[in-house]
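What follows is each chain in one-letter form.
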Amino acid sequence: MNNELLVDPAALREEVKSKYREVAHNPNGEHHFHTGRPLARRLGYEAALVDAMPDAAVESFAGVANPFALRPLATGEKVVDAGSGAGFDCFVAGHQVGPQGKIVGVDMLPEMLEKSRRSAELMGLTQVEFREGLLEKIPVDDGWADVVISNGVLNLCADKRQTFDELWRILRPGGTLQFGDIANGKPVPAGALRDIDLWTG
Amino acid sequence: MLAEVGFVDIQISPPYDTFGGARGEKKARLFEVYGHTFLAHKPGSP
Numbered sequence: 003m004n005n006e007l008l009v010d011p012a013a014l015r016e017e018v019k020s021k022y023r024e025v026a027h028n029p030n031g032e033h034h035f036h037t038g039r040p041l042a043r044r045l046g047y048e049a050a051l052v053d054a055m056p057d058a059a060v061e062s063f064a065g066v067a068n069p070f071a072l073r074p075l076a077t078g079e080k081v082v083d084a085g086s087g088a089g090f091d092c093f094v095a096g097h098q099v100g101p102q103g104k105i106v107g108v109d110m111l112p113e114m115l116e117k118s119r120r121s122a123e124l125m126g127l128t129q130v131e132f133r134e135g136l137l138e139k140i141p142v143d144d145g146w147a148d149v150v151i152s153n154g155v156l157n158l159c160a161d162k163r164q165t166f167d168e169l170w171r172i173l174r175p176g177g178t179l180q181f182g183d184i185a186n187g188k189p190v191p192a193g194a195l196r197d198i199d200l201w202t203g
Numbered sequence: 002m003l004a005e006v007g008f009v010d011i012q013i014s015p016p017y018d019t020f021g022g023a024r025g026e027k028k029a030r031l032f033e034v035y036g037h038t039f040l041a042h043k044p045g046s047p
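Chains A and B, in that order, give the protein sequences.
Note that this note's numbering has the first sequence beginning at 3, numbered continuously upward.
Note that this note's numbering has the second sequence beginning at 2, numbered continuously upward.
Be a bit skeptical, because a hint or two may be false.
[To be verified] Result set (BS3-like, lysine-lysine): computed pairs, CA atoms no more than 27 Å apart in a straight line:
hint : chain 1 : residue 1 : chain 2 : residue 2
1    : B       : K27       : A       : K104
2    : B       : K28       : A       : K162
3    : A       : K188      : B       : K28
4    : A       : K21       : B       : K27
[Said to hold, decoys possible] Footprint (simulated), chain B over chain A, 3 or more residues, beta carbon under 8 Å:
hint : region
5    : 30 to 38
6    : 179 to 190
None of these hints come from the bench; they were simulated from the model.
Predicted, not measured: the structure shown is a model, and the values here were computed from it.
Beta carbons are placed, not taken as given, at the ideal position from N, Cα and C, and that holds for glycine.
The following block holds chain A by itself, in its conformation from the complex (with noise of 0.2 Å):
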């Protein structure tokens, strides 16, 4: 397979930092993609699980499908959230995994990381810890988890081989792999590919 990467990780990295860090600290501005308990709905998240949260931990959520459409998860599992945000999925998760689970999410940005240990706390989720790390160097030990969730996240790695590699590293044989993402269905043109702006909007 060819792994040329078409835009700077480093620099990728940046742009997606500068994005999210408003979205931690503006969750209800103008971005271009929809945010917080209307996205939530607009995804079929489990309304009530949903209403009984405080405004913190659903506010900045901003992914794009639901990870847990198509198999929720099972009482116990380990699950790892690979690019967590403000944590709203790990909350999810937390849920329907139980105080027998275990919930690690992973996310670069360390206002995310302050607000979704903020949430655990005052939900009182003690399952769900949250680690500072990157996709493509996840802090976690070689197949770990029984189940991998992200959501809107792998889209925005530029070395995508690399962190489906660390993906399926972390899962242990028999594991799971489930995620949001977007998919095109008319193809992007190859200049607008390496354009770092249109791979953050």
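Take the given structure of chain A and dock chain B to it, following the hints.
Frame of chain A, contents of chain B only:
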């Protein structure tokens, strides 16, 4: 990519109109961009 890495039993959900009504809708429609849920398994037994 999923199959190249080795994942099996790959499923893809129907599309979500993720960007409908958002500021990014026009650009999303241009390239028919929609959200999907993807499901796949790593072969083997625990």
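Violations among the numbered hints, reported as their numbers in ascending order: 1
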